[in-house]
Each structure stands twice: as structure tokens, then as C-alpha cells.
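J.: Dock chain B against the given chain A, drawing on the hints supplied.
Read top to bottom, the protein sequences are chains A and B.
Using this note's numbering, the first residue of the first sequence is number 614, and each one after it goes up by one.
Using this note's numbering, the first residue of the second sequence is number 2, and each one after it goes up by one.
No lab work stands behind these hints: they were computed from the structure.
Don't take each hint at face value.
[Unchecked claim] Partial selection, computed: residues in chain B whose CB lies under 10 Å from chain A:
no.: 1; residue: K84
no.: 2; residue: V89
no.: 3; residue: R94
no.: 4; residue: T95
no.: 5; residue: N96
no.: 6; residue: L101
no.: 7; residue: K108
no.: 8; residue: P114
no.: 9; residue: K426
no.: 10; residue: Y538
no.: 11; residue: E557
no.: 12; residue: Y567
no.: 13; residue: N574
no.: 14; residue: A577
All residues carry an ideal CB built from backbone N, CA and C; glycine is no exception.
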Amino acid sequence: MSVDPITLAIVQNRLDHIARQMGWVMTRTARSPIFSQSHDFSCFLADRDGTIISQADGIPIHTGGGGFAIRALLEAFSGEIEPDDVFILNDPYEAGGNHLPDWVIARPIFFEAQLVGFACNRAHQSDIGGGAAGTYNAAATEIFHEGIRLPPLKLVSKGALRNDLWKLLKINTRTPDLIDGDLRAMIGSTLIGAEAVIKLFAELGLDKGFAAFAEILDYADRRFRKLISELPNGRFEGEESTDNDCFSNVVTTIRVALIVEGEKITVDFTGTDPEMRGFKNSSLANTHSAVYMALAAYFESKLPRNEGTFRSVDVIAPEGSVVNARPPAPTTMCTVFVAHEVVHAVWKALAKAAPELACAGWGKSIHSVTSSTKGKDRFVLYHWHAMPGGGAVSGRDGFNQIGHLIALGGLTLPNVENYEQLYPIKIHRQEFRCDGGGPGKFRGGTGVEYEADVLVASEYSFRGEGLETPSAYGVNGGDWGVAGELRLILPNGDGIHTPKYGVQSFPALKMVARSPGGGGWGDPMERDPLAVWNDVRNGVVSPAAAKQVYGVSLLANGLGVDASAARRRN
Amino acid sequence: MLWVGVDVGGTFTDGVLYNSQTKEFMFAKVPSTPGDPASGVIDVIKDLDVNMEAIDRFVHGVTIGTNTILQHRGAKVWMIVTKGFGDVLEIARTNRGHQLYDIRTVKPAPIVPRTQSIEISERVAYDGTEVLELDEREIRRVLRGLPIAENDAIAICFLHSYLHPKNEQRVAEIVRDECPGVYVCTSSDVLAQFREYERFNTTALNAYIGPLMARYLTNLRNRLGERGYRNGVFITTSNGGSAPAERAIRLPISTVLSGPAGGVAAALHLGRDNGLPNLITCDMGGTSTDVCLVTDSEAPVTNEQFIGGYANRTPQIEINAVGAGGGSIAWLDAGDILMVGPQSAGANPGPACYGQGGTSPTVTDANLVLNRLSPDTSLAGRIALDRNLALEVLRPLGAKLGLKELNLADGIVQIAVARMVSAIKQISITQGHDPRDFVLCAYGGAGPMHAAFIADELEIGRIIVPVGPGNFCALGSIISDVRRDYVSTRLMQTQGIAFSLVEDTFSQMEEKAQSDLLAEGIDHREIELRRVLGMRYVGQSWELEVPLPGSITSLEALDEAFFKIYQRRFGQNIKAPTEIVTFRLAALGRGEKPKFSKWRGLGGLEDAKLAERDVYFGGSYLPTAIYDRQKLSAGVEINGPAIIEESGATTIVPPAWRAVVQEFGHLMLERR
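For reference, chain B alone in the conformation it holds in the complex:
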């Protein structure tokens, strides 16, 4: 089997090819093509030197959804909503996040402005009964009076639709009839869960990114098809799984963390294989750095995330992002204080040293000036780096600050490191975890270059740099399982019902899940279904997730399981009546996973040594050996200062550190 994974980042598009017979990986990296991201995907597959017709599986991490939301350039969304509730998105339960005392914060404008919030008569009561019928003629009349354009999107959001989706579904049909080709989604399809603000907002976001995603994926699929690819296109999803393109088009909101979630999925795999259950992942690319805290080989999954200040209730891995990457631009604020990011030079023009017309100094330029990046080798296969260009763009900024280029370059890297350190603190110290108890897992093109400096600040003692760190997210996409989450709100007290009601509800969901996954091309033997109930004591407002393995076959056993989890979570429980609120089903297509083979180094330390050059560390240049990672054998130890180069990434081993090549080729850095 030949698997291809591709991750499109802000700066580079990374590819990985895995051959399950030979257990060999191939990596490639090309500049991203933001205007037409599919071109970068095609380019990187070309670089992997694989025949399209021979590829069995293609999995893809996309950032289109995230970028669209963060840059506020989504579709014009019309929301068709139950009369009287046109302001749900702006009221947003008045929630202002964690900035309670900051009364000067500006709340982000609602995804759907008031003028595009279309109220219509219909009403379903809390128990799912219809109390005011839909007036189809009214809907058609309203739709015909609106200037809805082909590239707009329509979100249909009715109260209590999670119980009674018919009205939303009917209006969707009418919309398809009246406005053919316009992207439309309903809240009961996007998130069949009660709590209208959260459901409506998630649906509005889905509509906001839907048209762009649909255009992109349709185009990509066609272009891959033209080149001979015959199988399905899969997309990495925010929950660390993957989904076929059709589903990603229908539910693009479930892909907003596509790329970073792939990286975390790969890190989990790496951690399990190498006995490292507690990791802080640090994925530094060209534009941003994503960090995630993994404990006991589990990534935290949340369905209470916000993106750009907007509630998104689809399940996703909890990841913290900061706008600091290799391409982040250094600049001076109003008070002439040196700042780095969040603006990035991106792929085009890229850092000044790429020689593509970049005029702003970036983190990569700074690293080149410090000699941490080699001017001779090229970063992404085809870009040669010009140190003089880097020096040139640093000069004016340095003059303004009264700093030599070298000191300025050092300062730029330090500031970028400080920003990543604070992102890690937010997910560790702030949450009560001491980063010193974790191993830093550094990947992304720029991660291994900065990892040791980050670790120094946090007093982290060990860093693992995986094989192919520059392509780790792409690797994660082929490691991830096909996964689909189903949720259904069905309020029922457990006293006085039969267990068969629970069984039946899940059976129905499972039947649908089975047929959905089969339709997505998953072999039935690979399907794994996990049942989870959202339960609480009668009268409470928040549910606790209770996994429901096959061994639980009675309500008594179910209550026992709930009490046990409640005790563990909250330190107390009482034997009081409980109720079920939500049925959750995770459907996984558990395919074969790539395996790393034993690392075959090509010789001793001297064979791997490429050169020696003076590299700037802690205030002065130190003679530093440069090694070719591909040639280092397992078991080899390298004392810093040293630099280990490979295609797609550079690992820096500062003077106080040592690197050891592991059995499967991963590098372990340890403070000496």
C-alpha cells in the first residue's frame, strides 16, 4: 500500500509518502501557494516521486477553514432563524471569556450581521412538538426578496431543532430550490445538541467557511483525478481523525484544526511507541506555533473551544496557537520596542534571505545571520538562502535601535522564543502542570531550531525531535483513523425507563454510523464504535461523559458507572436519581498504521560530519560541528554546540545540551 499525507501550512506545504511493504517513508517540502493551495499539493506529490495511479490513500490537512475565520474573509452568511431570536449570535449569552475585568475589550462582530438575520414564523416546543407550523409561502417570498448571491451561504437555525429537525430540513429543501448552488446547512445537521447559542454559532461558522472549502476541495479532487488518482480524498479533522472530502464539505467546521491536530495525532503515536506518555508538543512552522499538552498518552479533547472569539462546539483537540514562526516579521512598535509577529512574510515573498523580494526581517533571517541556519543547504529543497540579503534588511532596524545586526538577530530569536514560552505556560503552568515534568516534542520546520532555547526557559530537561520533523503533521494525517462523531440530545430520567431504550437509541445511531462509514469506503471489519452517554443528576445543568462499554447492560450498572466517574472527577457522589442528556457515538475506521523501521545510519560521527562553522551562542561565536542527520547511526551521541541538518528542518544542540540518536532514528536532546 502507498499512502500519501499532505499538510498545507501558511508557508510550506509538506508531504509524506509511506510504503507499507518496505516500511519506508519519503518526505518532501515545497512553498505553499496561498492563492491556489491545490497547486502546492500537486507540487509536493510530484516531489515525492510517486505515480498518482499507484496511491492507495491520500489524506490531507487543510488550514483554509481556520484562516478564513481568523482573517474574517468568509462568505456572506444569511441566517434563517426562529422569529424573535435574530440576535442570539450577538448576545452570545453575554459571555466575554476570561477577560471579565477588561471592560474595554471589543467583542468580535457576530458572523451574521443583523441585516442578514432573517426571522421567519415557526416554533417547536421544548419537548419537540411543533406549536407553530412553517409557512412555506412566506419562506419563498422572503427568499425571493433577498439579494442572495451565488457565493453566499445560508445557515438555518431554529429553536429546539435538535429534537425536531423537520422544519430546518424543509427550509433547506426550499432554499436549494429557490437558490440553487448556494451553500446551505442546518443547525440540526451540524450539531444536533441543545443550547441554541452554541449550536447556532457553530452552524453560522460552518456556513461562513463552507463555500470556500467546497470550491477548494472540489477543485483539488478534480485535479488529482486528472492526474490519475482514483481513490478518495480524506481530510484531517480537528478531533485528530480524518473524514472524506464530501463530509468535510458538508461539515467544514470540523476541520478548523486540521493540520495541528494531525501533528498531535503523530506525537501521540510517537509517545506511545517510545514510552513517553507526557509530552508538550511544539509545532513551529513559518507562520505560527501550535502547542498541546499530552498527559498519559491522551490529547485533551474539548467541545468548548472558541476560534477567533467565536464559540465552536465541534469536538477538537485542545491546542494553543501563537503567531510566531520562522517567517514572523520583526518590527518596532510606537514606542520603538522590538516586536516579532504575528505578521508573517509567508511563502511569498517569504523571508528576505529567500531572495524573492522580501524586505522585512524575519526570524529565519535572524537565524541565518547567527549562522544557525546553513547558507549552503537549502531549506525547502529549492530555496537557496542569501545571508547578505538578511544582513541588509536587519541593518535599518538595527540602526534605529542602535544595535549591530548580530545583536538584533539574537534579540529577534529571543523574542520569538519568549512568545512560544508564554503559549506553553498557558497550557501548562496556568493549568497547574509543571512543564519540568514533560518532554518537549519539537517539530514543524522551525521547531527543532528553537526547541532547546524554549526548554531552557521552561527548565525542561528533554526534547524529542522525531524523524521527519518538518513533515510531522503530514505524517499525522496518514496515522489518524477515519473518525466521525455523532451526538443526539435525548433528555430521559433513568428511573422508570427500560435499558432497552438506551440500547435502541444507540442502535439507531450505530446503524447510521455503520452505513455512513461503509459509504465512506471503510471496510466493516475496521469499524470501531464507542458509545458515551452525557449524564447528570436530575436537575443539574452539566453532563458528565460516561463511556458505555458492552459490559454495561442494566440501568443499575449505568448508574454505578456514573457514580464512579462522578466520584473520581468531583471528589463526592450521592445515590440520587440520574438522567441522560446526550448520546454520543464515535465511529472509527481503524486502518493499518505506519510503522517506523529501525534506523539505519550510514556510519560513525565523522562520516556524518558535513562541516564546521562559527555559530552564535550566548553572546559569541563558537566553533560548531554540522552533521547530516541521515548519516547518523542509532546510539550516536553528540555534544553541543552542534547542528544537525536534514531536508526540511535544522536541529540546534546548544553548548549545554547533548543529542542521542534513538533506535528508530528520533533524536533525544538532553541537558548535560
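If we strip away everything but chain A, and leave its shape as in the complex, we get:
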């Protein structure tokens, strides 16, 4: 059965709208700020085979992972999926999860007694047990240290909540009330999604509905193939390293080759280093997501958000490597690091295939997660106000402050006023750094200076990937962004040396951080002198750097710059 183009466009938009509506419901009903303010979740719809047909809502690093989860669930519950069931899962090795904190809720959708698809969401929980509050146990060396593992489980059976299972989940978390509220928000949002899909099928009829789903995936496939066909054929390589395994300075390198043949692209990680001791190992679902988001962001923002888009992309991830870890390797950090490194490696390879589109690297985050109690409730606070700067592209400077690369800025930073209401914290400063951004014709983002009093004794989970070593590469002649810094200062004035990763407890103290800058694009000597002058006036580039790095001197009267070509080159 064929579907006319107008109906198809309407169905695609409807599905995207449903996914966004689910996300809206999640934000509005969730209990923990990580959902409700920062949108660390995604909502998606899958067809009856577990292929994602819409993921209009959500953070980019969830782009490709959902399908793995639904397919694992279909396999585990073959023949036992009934109307009004709701499933839950998280395990990266058993259930197509990306990492343990992201729980997937999946609701099968039935129309005329037939399974037509799934309404789902994947969301980062506030706490899932394990070795540290707040899901990030930087000391983990096995997945068992990271929290509760869930294979595909039936949480609601024919409309009846399994109370035994609900209790099991709640006693395995330090924040049972938050989990309770958040899971209800997740389940509620899938109900709204499912009802909307049923309404769509009621309008289209079963056959036309299925046909539209299939055509939506085919159309996305055609769009992406056309993009790939415009690249030169060949093999393009890129690599990116991390300087630590969370315990010591061990370099782990991700090596990727993009092989372009006509309309097909193979992303081959053969040669990538083996899995590491710490919790940055990537699951297969997460590696796919990182590759998909790297491609989508590099080429075209308007590509359809479904799995059809990436049908022509083959990912080869050798088992036992850091991009396809084996149990019991720990993986919790992987959705940020090494996902960040995977994206950087793919972008570096792409820069060889399509250099004019090159993207400079984004700063790696440094913020800690602190946890304590307020009254009788446990809270987990992400110091997100210390997020890093982003990389430049041709035509614009890097964002001076932006969230994790893997969210492409989709994690909304919290308001100070709201944070101070919720937590025992007082924030003193969140402002751009001077000389933090990687120099370039287009400058990297500056990063920020962050200063806050943590008013109660707390447990700190350090995740300082962007500390000490510059993390945002420059491209086409641009330079690295500056590395991050973190200091903890006790009330008596003593400074504490903090590890890059680890879990430690401290009394009330002052946290002072400088987040890393983003990488620059192009030769800084070619930067528009007026832009340099503006940067100096705005205090984000020092007069000394303007002169030495950009070849632009301030006039003695302070009212302008001297940027004659001869001087710049000398």
C-alpha cells in the first residue's frame, strides 16, 4: 500500500509531535531536577520491530540507542507482550541499555489487537545504588559497583503494577521518593504517547499506518544516502585519546576509519585500544549513538530523527575494545566519556573528507557531583554552572559556555535562583574566562569561572576529564582550548588537591573552578581585527594575547587596534 506525500508528511510530523509531547509531560511531571530542568532523557516511538520511527525529543547521545533496548525486549518477551503492559530495563550487556543509570520504560501499543509499536523513554535516574550516590561511582572497576542491573522486566502487567518489583527498585536507590515520582512521570508519558499513536492508527487504518511507518524509514534512508553520495569515496581516519583510566595516567586511544563507497559509509573502530579499568568503557548501543550524532551534527541538522536515517551506516566495533566493552567492565561514564572522544575521532576523520565543514573540539567537562542530605532527603547536585566552552566552526566562534558535547547544548543549565531554592548551595560567580578559548580565525568558546559555597558536608564524585590536559582540539590552523582547573578550599583556607576521578567526602567548603575552553577554527592571524578588539573590550581575550596570538595591538589611546598585515605576520 502506498501513502500519498501529504499524509506521509503529516504522519511524520505527528509522530515527532507525539515524541515532543511525551518529553513535555516528562519535564512537567518529573520529581528530580535532572529530568525536569536539565532534560537528561529522551522520548521515542518505535515500530513493532523495535526500530525507532521518531525521536524528535531528547538528547543527542540517546540518538541511536533506543532501538537496541526495544529489540532486546522483543527477544526476551517474544509471545508474552500484551496490551497495557509496561516494561523496564537498563543493562548495557543484557538489555540493549547504554549505561545503568539510564532506565528505559517501554509501553507496547496495540491497535485492533495487533502490536503496532512502542512508546518509550530513556531517562537518567537520580540514584540507582552502587558505590556512590548519584549514579556516578568513579571508583568502579566492575559493573557490579555501579548499581542495580535490570534485564528486560515487565513492570506493569495488563495494567496492574507489579508491587514486588516496584519495591525492589525502590530499596535499591538512595532516593526512593525521587525514583518513585520519576518512574511515574515516565510511565505517564508513555501512556500519553501510546494514546496518541492509537488515535493516529484509528485515522489511518492498520494497513496504511504500517505503510506510513515503513515509508518514513525509507525516506530517511534516502535522505542520508544522498548526503553520503556527495562525499568523495575513500578512507578517512581520525583518532582521539583520553589521558587516564580513572585511576592513573594511562592513555587510551580511539581509532576510527570512515570508509565511503558511493551511498554507503562504514565506521570502523578496528585498532581502538582495549577496554579500560575505570567506568568510561562504552556499550555497543552508546557507541552507535555517538557515531550517529557525530554524523548528524556534522552534516545536516534537518535529517529525520529515526533509525532509517542510519540504515546505510555500518559500525564495526571490535568486541573487548573500549567502544564495545565486555561484562563485567564498568560503563557508567561512557555516555559522556568516551562518547565525547568517539565524536571527536569521527569529526576529525570527517574533516578530511569535507574540510570546509570541520568542527573544532568542545571542552570536556570538569564539574563534580556532590551529594548530601537536606532535612531527611538525600540530594544529588551537579555543578553544571561550571560547564565548558564549545568549539568553533567556520562562520562562528565557539559557544562560551555550553553543556556536554554529547548533548550538543541540549542540556539546559539550571537557574541559580532555582538551585539555591533546592539545595544548600550559594553560587557567587558564573562568568566567562579570559584567554580560555582556543585561538583561531573563529575563536573557541571561553569556558567559565565558577565559584560556589557548598554549605553542608558532602560526598564528592569527581569527574574531571577536562582538567590539566587541554581537551578541545583546534582545526584548520586553529589552536587548542585551555584546560580546566578545580580547587576546593576549606573554611580555614586550606586548599585540597582533587583527583581527576574518585569519590571523597569533605566538610562544607568553597569550590572554585575554571572550565575548559573550546577549540579554534582557522589561523588566528586571519581573525577579523575588530572581532579581536571586541574580545579585548569584553575581557575575554587579554591585550597580551591579542598581540602575541592574533597579531593585533591596541592603540596607545585605547580606542582601537593596529592590525596592519605586516605587523600581524611579524
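T.: Then chain B, alone, in the frame of chain A:
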């Protein structure tokens, strides 16, 4: 009573006069005067032929605020801000809107550049207690060291000021003292609501447009006064209501959707009177087209809008705008692809066919060449149209594309239609609404001319063209209620408080609202107050709006109301502790509303027929009857192709369509 409504658009200034005794409307239209918009206002009132001294009420839609923001020509704004937070506007919570994957987007520069962001020592804690006192001498010293000019504006933005506005208020006093005459506003006055980025940015926008708005409205008021007008000047506001000029000067950010919101207010009125609860409004003027999706006779109101990429949290009707209007210029891009808009020929020089020196082909020129616009009648009372001039400017563009003028003209109209269609898709299909379930409400000078073509693309079956479509926004301004929204953030858990605390908080707000509206000249019998609470479960981050009618008198009943709304909205609820976050009060001055009287046509179809001419439809000229709308009686049916002309607008009925004159004179177009 004599009411006058005026709407200033980018191209035309429209006026409407309503006499409540005779229930008669008069319409007028003059070219806008962008250099001095008040002149156009005076001109159009003159054309309405009314004695200024006799006017009881004057309501005005202004676009100055919007244009100022979109064209980046607002005042130089200095922001005085709590130390450590000078970059709040640029960080903007890192939000990049819906273009997540488009990492190449350029974010708009912050309204206040870093060099004008002035940090001072002061600090209020989250519970409203002052932890660092203001240093008045520091403020004076800082102010004296800054090159603040008379036309600059100052926005005062402190953390937690929604709870403790004193520091902002004190600094405002000092600013008025040190920099007399400079426009100043505080974040606690503009939007007394927590979440600093949103509050600060709304305040910065307010300051950005404040000085221009103040100059314009003061000037207009004086000029109306000189001509004998004795009553208040009211401005249409973005929430579909209206406000006296004093308030619009203090809070200009609440007028950014002034004109279009007036049109939607009129469409709601029209829909209610005619049993059409679901409408897509399509307001096509000279410069742009505004569309809005009305369901169940309610216009969507949002306080999460952006304008030109900047967060604006004042409540406003949700309207989507596209830069395509009658004056939109046709041009070729780098790849010789034909484009239409967003540049507009505006009022001056206007389209080439106006003969005022316009050299670029516009949508209006194209319509004239297609014979859809009559060369004999004039568009805005005094402009005669010259078809030869239109042909002349189309020729070079056509030559470049290898197209005859006629085919080029057809293409220009098609492209303009496609752009409006995509604006409508964004608010319908994208939001899960099927446009086929709606009636298109077409107004604005160019709306009825393109409506049927838009409807064809969207498969919409019915179009309503109201009486006086070219002056519909002006009509909306006199239909709107005086309205003022109050908001106050007061975080309180509902367990363990007395209901009287809620009652008292609202009473205080209501007392202020009453006195504000009385001061704005509203009769106390006309004041209507609506209480709404922003509530959530304890620990959540987003509030749900819960109306609080007088029937709710206990916290239990309040919780019940919250649970019910929560269930309806989100498909679930639990009986868990709740908290109140915001108190919202809408204060309305519900005046008398204009009524349409029964349409008095002057005769049969033949009497109304003006002429017959060949009009271009779908590839060829078809003989087409031209009618005078004023002469068509109610109940008359006209089969397309036909053209219905009136002062200020032209309605096109293509071959596949039929038009029926309704009881109150509105035209209903139906696909045959």
C-alpha cells in the same frame, strides 16, 4: 459612544470607527509613515471623518516594539546586575532552541554586551533575606563613571529580587537621581517571577524598546490632545487585552505582539458569534503574515515565547509570523532561484505599481499583472495602481529566468503562498492538528486575495472573510478588554499552611489590581479578577496553572482541583503533597463590546456587479465577474471565478470555489 481603533502596520495604517448607538462601523486605510508613525495615526482618524473631541475611547495597536527588536535598533542598554552574574544574558542557560543538531547556528548577540553589564555588590538569599547590603556610594560612583547618554536605557537585574525588590527599587531611585530622564526599569517590576535568566532577559528587552516607545506614545498623546481628544490612549497588548499608554511606556515588552494579538481577539469574537470554534487565522499585510491556531474558541496563550531569538516571558498569544506580504519583494538568490521576501517595499516607495518610485517587483505587482487586483479601483483610498509599471519591473527579472512577465507573476504569488502555507503547517501539522479540521479566517489587506490558494494547498474546505478584513486588527483593538496580568512567586507547601494565607496573598494583589485599574479609568463595576495558582508536587520544577474560582475555599479543595487538572493534562496523578509557586492574577476591565448589525445589501447579484475582466487562474485567463462587496445582500451565492472588491481588500474566489454572504455580512468561501 464613539470608539476608534487604529492599527499601525509596516505598510498601511488601518482605522475603524464604531458607533455604539447605530451599531455602525466605518473603516479607513492610509499609508504608514515609518519615520513618524503618529502622522499615519492622525491621517487615518481624519479619514474616519470623526470629531476628535467626540471620541470616547481610542485604542491603538503598535508595532514599534517588535520592529525595534527584530531590526536590532533599540536603545543602548546598561544592565546593573548582581556581582558575579554579568554573563547571564549571553549564557542563556545554553539553550539553543529547537535547532539542537544545527551546531553551526549563530546565537543572537545578547541585548546587553559585556561592556555594558555593570556588576555591583549586593546579594539576597533564596528566601528573600538580604545577605549583602547595597553600597549606595558605590552605585553613585559607578554611575558617574559611565558614559550614559540621555537616550540610553538602564535595566536593573538582581538575584532573588522577585522576593525582595527593595534593592532594585533603591538603585532605580539613585539612577533617576544621577541620570535624570534616562529610561529605567527593574526586573521585579517587569516580571516578579523566579528564574533569573528569563526575568533578566525580559527586563533587558523592556529597556531596549522603552525609550523609543516612550517618545512615540508621548508624542502621539500630545498630538491627539492638540486636536481635541480628551480621553485616555489605550494600547493593544500581546495577551489580547489593552493597556493605557502610561503602562505601555513602563512595560513596553507587553506590547510586542500588539497588532497581531488584536486581530486574533477579533477573530475569537467572530468565531464565537458565528459558531466557528476552530479557526486558523491568516493575517496577511504588506510586510508579513501572522497565523494563529484557535481551538474551542480559545487562542493559545504562552509565557515561553522568544522574539528574534530572545526569551520574553510576558504572557502573550501564540502567533507565528512569516516575512511574506503584499509588499514582499521578489528576487533571485545566488543560484538564480526565485525568492519572495522577507524584504518588503513597505509603504514608501511601496510596490512599483504605486508609482512612487518603487523599482523592485512585489507580490502586489504580480497580482496586478494577473488582473487579480483591479487597476481602476485604488487599494488604500488614494493610491492608483499602474499595471504598466508593474510589467516594467517584472521584465528584467523575467528575462534573467527566461520567463514571460505573466508566468513570473504567477510564480511570485505561488512562492508567497508556499511560505504562508509552511507557517501554517508549523502551528498545525507540526503540533499534531490537521488543518483540514479548521476554517481559515482570512484578513489583513492581502489575506482574502491569497486565502483560497493557501486553503487549496492545505486542503482546507472553508474560509471566512470578515466584514472589513483590511481593518480587522484595528477592529480587534476596540474589541479587546483592558487587561493587566500580575504574577508573584511565593513558594509555599500546602501542607501545614492555612488557606487564609492564599486568600490574603490574592487579596493584596487584588487590592493593587483594583486600584491600578481604577487609576486607569475603569469603572469598578466592569472589573473582573481571575485568580490562578501555579502549583506542583513538592520537589517538581514546573508548575501547572490551577484556576481558583470563589468556590474553592479550602486547601483540600485546592489539592483536588490540582489533581484533576494534573490527571487531565498528564494522564496520571498521585495524592502527594503539593506546593504553590506562583500567584497569578488577571485583572480585566470588561467594557461593552461592538456588535455587528445585520448586513444590509443593496440589491441582487447584478446590482453588485461592477465589471467583468480576464483574470489569470491556473495557466490561462478566464472571464471573471467583479463584484462590489458593499452591494451584495445576505444570502447571495457567487460561484468562482469571481472577485469581490471593497475598500481595503480584495477577495478572490477561484474557479473551484463559491462565496456565500452571511447574515452579518461576512463572506464564507467553500470549495465546490
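J.: Look at each hint and say if it fits the structure.
T.: Hints and how they fare:
Residue-level restraint check for K84 (chain B) holds (minimum Cβ-Cβ distance to chain A is 8 Å; threshold 10 Å). For the restraint placing V89 (chain B) at the interface with chain A, the shortest Cβ-Cβ distance is roughly 8 Å, inside the 10 Å limit, so the hint holds. Restraint check, R94 (chain B) versus chain A: the minimum CB separation of about 5 Å is within 10 Å; hint holds. At a threshold of 10 Å, the smallest CB-CB gap from T95 (chain B) to chain A is about 5 Å, leaving the interface hint in force.
With 10 Å as the threshold, the beta carbon of N96 (chain B) comes within range of chain A, its nearest partner Cβ sitting at about 6 Å, so the hint holds. At its closest, the beta carbon of L101 (chain B) sits 5 Å from a beta carbon of chain A; the interface hint therefore holds under the 10 Å criterion. Hint status for K108 (chain B) relative to chain A: holds, with the closest Cβ pair at about 7 Å, below 10 Å. At a threshold of 10 Å, the smallest CB-CB gap from P114 (chain B) to chain A is about 7 Å, leaving the interface hint in force.
With 10 Å as the threshold, the beta carbon of K426 (chain B) comes within range of chain A, its nearest partner Cβ sitting at about 8 Å, so the hint holds. Using the Cβ-Cβ criterion of 10 Å, the hint placing Y538 (chain B) at the interface with chain A is satisfied: the shortest such distance is roughly 7 Å. The restraint placing E557 (chain B) at the interface with chain A is violated, with a minimum CB-CB distance near 21 Å, outside the 10 Å limit. Hint status for Y567 (chain B): holds, given a least beta-carbon distance of 8 Å to chain A, under 10 Å.
Look at N574 (chain B): its Cβ gets to within about 9 Å of chain A, closer than 10 Å, so that hint holds up. At about 8 Å, the closest approach between the beta carbon of A577 (chain B) and any beta carbon in chain A falls short of 10 Å, and the interface hint on this residue holds.
Hint violations for this structure: number 11 only, all remaining hints satisfied.
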